[in-house]
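One-letter residues, chain by chain:
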Amino acid sequence: MVLKLDRNEDRANLNSQLEHLQSKYVGTGHADTSKYEWGVNQARDTYASYVGHYPMLSYFALAENESIARVKFNLTEKMVQPCGPPPERKD
Amino acid sequence: MDGGQQQQQQQRLGVKQQQWRRQQRKAVEGVKADADTTTIRGSKRRKPVEDVKVDTSTTKVQEPESRKLVEEVKVSADTALVRDPERRRLVEEPERSSTPVRSNKRRRTRSDPTFRDDPSLAMFLYNLTLQAPNAINQAILGNFSGTRQQELIVSHVSRIELLRPDTTTGKVHSILSHDVFGVIRSLAAFRLTGASKDYIVIGSDSGRIVILEYNPAKNVFEKVHQETFGKSGCRRIVPGQYLAVDPKGRAVMIGSMEKQKLVYILNRDIAARLTIGSPLEAHKSHTIVQYCTGVDVGFENPIFACLEVDYTEADQDPTGEAFKESEKMLTYYELDLGLNHVVRKWSEAVDRRSNMLLAVPGGTDGPSGVLVCSENYVTYKHIGAATLTVPIPRRKDPLENKERGVLIVSGVVHKMKSEEGDLYKVTFDCTGETVNEIKIKYFDTVSVAVGLCILKLGFLFVASEFGNHQFYQIGKLGDDDDSPEYSSNDFMTKDDGTLDVTVYFKPRPLENLLLVDELTSMSPLTDAKVLNLTDEDTPQIYALCGRGPRSTMRILRHGLEVTEMAVSPLPANPTAVWTTRLTADDLYDQYIIVSFSNATLVLSIGETVEEVTDTGFLASTPTIAVQQLGQDALLQIYPQGIRHIRANRQVTEWRAPGGRQIVRAATNSQQVVIALTGGELVYFEVDESGNLSESNVRREMSGNVTCLSIQPLPVGRRRVRFLAVGCDDNTVRILSLDASSTLEPLSMQALSAVPESLVMIDMPDQISAGSLTTLYLNIGLQNGVLLRTVLEQNTGQLSDTRTRFLGARSVKLFELNMAGNPAVLALSSRPWLSYQMQSRIHLNPLSYEALEFAASFTSEQCPEGVVAIAGNALKIFTIERFGQVFNETPIPLTYTPRRFVVNPVHKSIAIIESDYQTYSSSEKKKKLKELGFEAEEEEELDPVVFGHSRSTPGKWASLIRIINPATAETAFTLELEQNEAAFSVAILNFAVEAGEMFLAVGTAADVTLAPKSLSSGFIHIYKFINDGMGLELVHKTPVDEVPHALLHFQGRLLAGVGKTLRIYDLGKRKLLRKCENRSLPNCIVTLHNQGGRIVIGDVQESVHYASYVAADNKLVVFADDKAPRWISCSAMIDYDTVAAGDKFGNFFVNRLPQKLSQEIDEDEAGSKSVGKGYLHGAAHKLDLMAHYHVGDILTSLAKTSFVAGGREMILYTSFMGGIGIFIPFQTKEDIDFFQTLEMHMRNEMPPLAGRDHLSYRGYHVPVKGTVDGDMCEQYNLLSGVKKSQIAEELDRTPAEIQKKIEDMRIRAI
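The listed protein sequences correspond, in order, to chains A and B.
To convert, note that position 30 of the first sequence is 30 in full-length UniProt numbering; the numbers rise steadily by one, no gaps.
To convert, note that position 171 of the second sequence is 171 in full-length UniProt numbering; the numbers rise steadily by one, no gaps.
Worth flagging that the hints you see were computed from the coordinates, not collected in a lab.
All C-beta atoms in this analysis are idealised placements derived from N, C-alpha and C, irrespective of residue type, glycine included.
Hints are not guaranteed to be accurate.
Unchecked claim - Example chain B residues on the side facing chain A (calculated, C-beta under 8 Å, incomplete): (1) R236; (2) Y916; (3) T918.
Stated by the list, open to error - The list that follows gives simulated cross-link-like pairs (lysine-lysine, DSS-like), each with its CA atoms no further than 25 Å apart: (4) A:K78 with B:K1300; (5) A:K78 with B:K1143; (6) B:K1282 with A:K35; (7) B:K284 with A:K24; (8) B:K1122 with B:K1264; (9) A:K35 with B:K506; (10) B:K324 with A:K78; (11) A:K78 with B:K259; (12) A:K78 with B:K476; (13) B:K1300 with B:K1282; (14) B:K955 with A:K78; (15) B:K1122 with A:K24; (16) B:K425 with B:K345.
Kindly generate the complete structure, drawing on both the sequences and the hints.
Structure (C-alpha cells):
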C-alpha cells in the first residue's frame, strides 16, 4: 500500500516535471505528440539553427545565388508554418 | 576532329603525354606498394623527418620532369610515394606491359602493425589556423578606445576584430583580432550616459550575454560581465540571435528566433563601473521574431521594437486560412524603469514581407520611431504618428523579373542597401516631432553588404557578404545628381497598408563615394589546391573565391605583400646602402649613401633623389658604416679610418693604425665600436662638446670579428650597456660598454656556424615580467639560420634561443621600424621580416626578390619604408598588411567558380563556373532581342559592380575556363548553352587513347534546386588543344542524374551520377557504360582512389569504401562510416585513411582497420568484401580516428607540405575564407604536453564569448585525437603570473612553453 502511494507520488512528480519542461522548452514531446507536431518542431529547430550558424546561411546563399539577408528572411518566414497546415483532427 | 588532325595532335603532345601516362600507371602501383609509410600516422620507430629530407633532396635532383607531374596529380599520396624506394625502382623500370593496371592486390613491402597496437599514437593532430576566416557577419561602430577616434568592431563568426580606420590616409588597420571559440551571432555597442567609451555586447551561441570592454593600453578585450540565461547552442528559443540596445545605453534586449526575449538594465555603481541587472522577461510564446531594434526615445523609458509573427492559430487550423491571415506585427516593448518590468506597449500589423527595422533618431535629434523595410517599400511608423510609405526604386533593366521584390539587406541611419548592392538615401522632412514626408533616392552602388557603418568624418565601411570589404570616402551627399527622388506624399497606400507601385532609377558608376581602402576577404572559398605550378621555392595555394562577377581565382604565396615605390639602376653593383638624417631632430632621412667596392655615392632625398658631392663624405673609398652622430654631425667609417663630419663641414679624421684596417663597425648616435683586422676592438664615445673621443681600453678578441652590434640608444640616454661581437670561432660574445668595465666580457654563446650579422633590438612584450620591453639579440649565421635570443637587461646573459632556417644564403640582418615598432629584416635567399604584433613575434617571408643589403627609409611620402639593393638596382618599398601571411594574385572570373583541376602535362588549370538564377550571355542577347532592344544600344553596366542580370530560378549561366598559371591569365573560355550548368570536372586519359589528355565535365540542364529537378545530366568529354590552353568537344553523353563527382580511374572514367557509381570508357560517339553500382544512399559528391580502392563521399551518409573487382567487373562497397555526415569535401590521406569535412563545420578522419584492409585486398573474388550488410549499410565499418569542430564549412582538404623537406600535414580551406592545417604529432610526449597545456588554457583563459571551449570543439561529436593549437597559442596573451603558474604545472619555464608553441607553427609554415 505504502509502496503504491509512493509510486503515485512519483508519477505525479514526474508529470509535473514534464509539464514544466514542456512549458519551458518549446518542442518537448509528450505521450500524444502527433507526427505533425514532431515534424513542425524539428523543422523550426532546424531553420533556427541554420539562421544561427552564419557559415551555413551563406552556404545556402551561394547555392541559391541569393543575398544572405533574403535566405535568412525566407527561412524565418518558413518557421511560421514549415510543414503546411495541420492535418484534420480525427475526433 | 578527324583522324589526320588527331594524329597531328598526338605528334605534338604525344611523347610527353605517353610518358605521363606511363608514370601515372606506375604511380598507381606505387601507391599500392606503400600505403603505411606516411608520416601522418606518426610511426615512432622510423624517423620520418629524416626520411623526408633525404628523399626529397634526391627527388629534386634526379627526377625527370614527368615524375614531378605525376606527384602533383596525386596530391593525396605523393610524398608517401617519393619516400618509398620500392616505387622509385618501379618507375625506373622500363615499361613492359601496355595494359592498364587493374589488379586490386596491394603489394605489401613493409607491414608495420606495431604502432597500431598503441591506439593513442595512431593519429593525433594539432590544429592551427594559418589565415583566419575573413568574411564578416556583424560590424559595429563606436569609440571603443575611449578616445575621439571612431573604430569598427567586426565579427568573423568565431573571431572578433578591432579595426581602426586612419581617416588621414584612408587605410583601415587591424588592431586586435581574438578568437572567441564560439559563434558570434550578434554584436552591439552601447555607451552609458555621459561616458565617452563604448562597450561591446555579444550575442552568441553560449547561452550567455557577454559585455566586453577594449583596453587600449594592453590591447586586449576584457570581459566585464557574463550572465548565463540558457542552454548553449544556436537554439530557437535561447536568446542570442538578436541584440537591441537603447540608444542612450540604459538597457539591452537579447532575443531568440522564437519566444524568448530578455531585457538587461545597464547602469553604473558608485565607482562608475558598469553594472548589469537581472534579466526581465519579455517572452511571448508561439511567436517567431524577424528583427529587433532599440527605438530612440531620448530619456523616456527605453523602447525596443520587434517584428514578430504569432503562429498559434496557424498551427491549429487545418484549412490553412489562419496561416494566410496571420499578420506580422511591429511591437513596441517598453521597459518601465520605475517599475522594473517590461510591457508590450503598442502593436501594429505591417506587411508580411517586412524583414527589417531601422530606428529613426529621437529625443532632441529627430522624430523617433522606426522605418519598417518591407519587400518593395519602406514605411515609417511610430506610436501616434502618421504612417508614411515610399516605394524602393528599382533598377531600370529590360530583363528585370517584375515578380521579384526588392529587399533591404542592411542599413545605418538613413542609408539603406538593397539586395543588388544599391544604396539608397532616405530623408525625413519634419516639423517638430511630426514627420511630414519621407523621401528616398538612389545613392550609389557598392557590393551587397551585411554591415554598413558611417563614420562621423565622412567615411563608409561596407562589410560585404561575399568578397572584399570596402572602405569609402563620402565625397558628396547625393543632393545634386539627376537620379529621381520619390516622396511618400506622391503615393497612396492601399487599404491594407501595402503599396503597389514600381518606381525606377538608372544605376550608374559611383558618383558620391570614393573607394579608399579594401580589406581582403576570400569568402566564399569554394575550392583550393596546394601546387607548385610555377616552380618556386614553396608551393602556392590556388583558391577559388567569390561569387558571380566578383569572383576570382587567387594564387596565394606565403609571404607579406610588398609595395614597390621606386626602382633605380646604379652604374655598378653596390655592396651596401644606408640612409641618414642630418641632425638628431630631423623627422625624415636626408641622404642615401651607397657603397661600391671602391667608391661611395651620396644621394640626397628631396622631390627627387639626386647625387650630391659636397657632403663631406669621402667618395673614393668603400664605406663600412654611416651614422648620424650626436646633435648634428655625421660619421663615415671606411677601411682606413673614421671621418667625423660636423655641421659646418669641418672634418675630423681618425686613422686606423698602420698596416691595419677597419673591418667591421657598430654605431648608435652616441657610441661607436670598430673592429680592426686581427680582431682588435676600439671604442669611441661622443663627449660633451660633441667630439668623438677614443676610450683608452682596447680589446683583442679570440678570432677575427665577423660582425658587431650595439644596443639601440633609448631616447634621452647617453650610453647603452651592451655590445655584441661575433667571431669566426663560431661564437657571439656580449661585452659591457659601461664606463667602469669598458669592453669587459659578460657572456658568450657558441653557435653552429660563423655568425654573419647581429642586430639587437628592443621589442615590447610581456615575456620578462616587470619591464615593458625585452632586448633581443638576433644572430644571422652563414649557414642560413637565424637565431633570436633574449638578452637579460641586468646581467647580459643570453637565454631562450629560437632557431629558424631561412634559406641557403648567409643571413644579413637590418633594423627597421615597422608599424611603429622595431623590426628586423633578415636577408637570405629570400627576405624575411621579424616583427611584433598582438603580443607575438612573427617571422614571415616577404613576397619579394632576394636582396643584398637594406636600410630603413623614412620620408614624407613613405614614413616606414625600406631601401635595398638587388643586383645593380636600388629599390624602395614598403610593407603594409602585417599579419597577412599570404599575399595574393587575383585572376578575375565571370561566374561563381565551383571546382577546378590541373592538367599535369601542360600545367594549365581548368575551372568550372556556374551561377543559378542568372542569364547566360547568349540567353541575355536572345531575351533582349525578343524585347526589342539592340544589344549595342544599351550601355553595358560593369557586372563586377552591378552584378549579372538576374533571371528566374531554374536558369543557369555556366562556363569552362582554362587559366595559364605562368601568366596568371585566362587562356580560353567556353560558355555552356541550353541552360546547362557544370557541377564536376576531372582530368583523365583513356586507356583506349593513351596519348591524349581529356577533360571530363559533369553538367546538367534545367536544374532547379528546390524541388530538385533536371531535364538531363551530361558528361562532356573535351580534348586539350593548343598545348593545353584550349578545349575541343569530343562528345557529350546524357546521364539520368546530376554528375556531382568525376575521377580518373585506371584509364577509364569513374563517375558519381546522383547515387549511382559508374565506370565509363571512351567510345566513338559517346561514353560507354562498363560497370555500375547503385547501392549508395543519396548522392555521390566526392571520389578518390588509390589502386583499386575507391573512397566515395555521400552528400548525407559520410564516406564509403569500395573496391573494383576486376575479375567480375564489379564495384563493391565493403565498408562505410558509423555515423551520417553531410560531406562537403574529402581527401585520401593514405590507402586506408580518409579525412573529410562536413557541412556543419566538422573535420574528421576515418580509417579502415588494417587487418580488414589486408583481407579485402587479398580477397580477389570479392566474397569477403560483399559480406552481409550490417546495420543497413556495408558489411564493415570504419574507425573514427579524429574529430574536431572547425567552426566553418570545410571546402578543400589536401595532404601537403609547405616547407621544403618539411613534414606532411593536412591543409584545409574553409568557406568563409580561412586556411588552416592539422599537423600530426610525432611523439607521445608532445601529445601529453599539448593536451595538458590545452586543458590549463581552458581553465585560465575561458573563451571571450562565454562558450565552453571543449563543447565548442565538440559541437556535434566529442573532440577526438585533436589539440586546438589556436587555444594553445593564446598562452602568449596570459599575464606573467598565470604563465608561470601553468609552466610550473608542466614542469617547464614559460619561455620553454612559448618555444614549443612557436616550434609547432614553424614546422607548418
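Open item on the list: Flag every earlier hint the structure violates by its number, smallest first.
Closed with: 4, 6, 9, 12, 15 and 16
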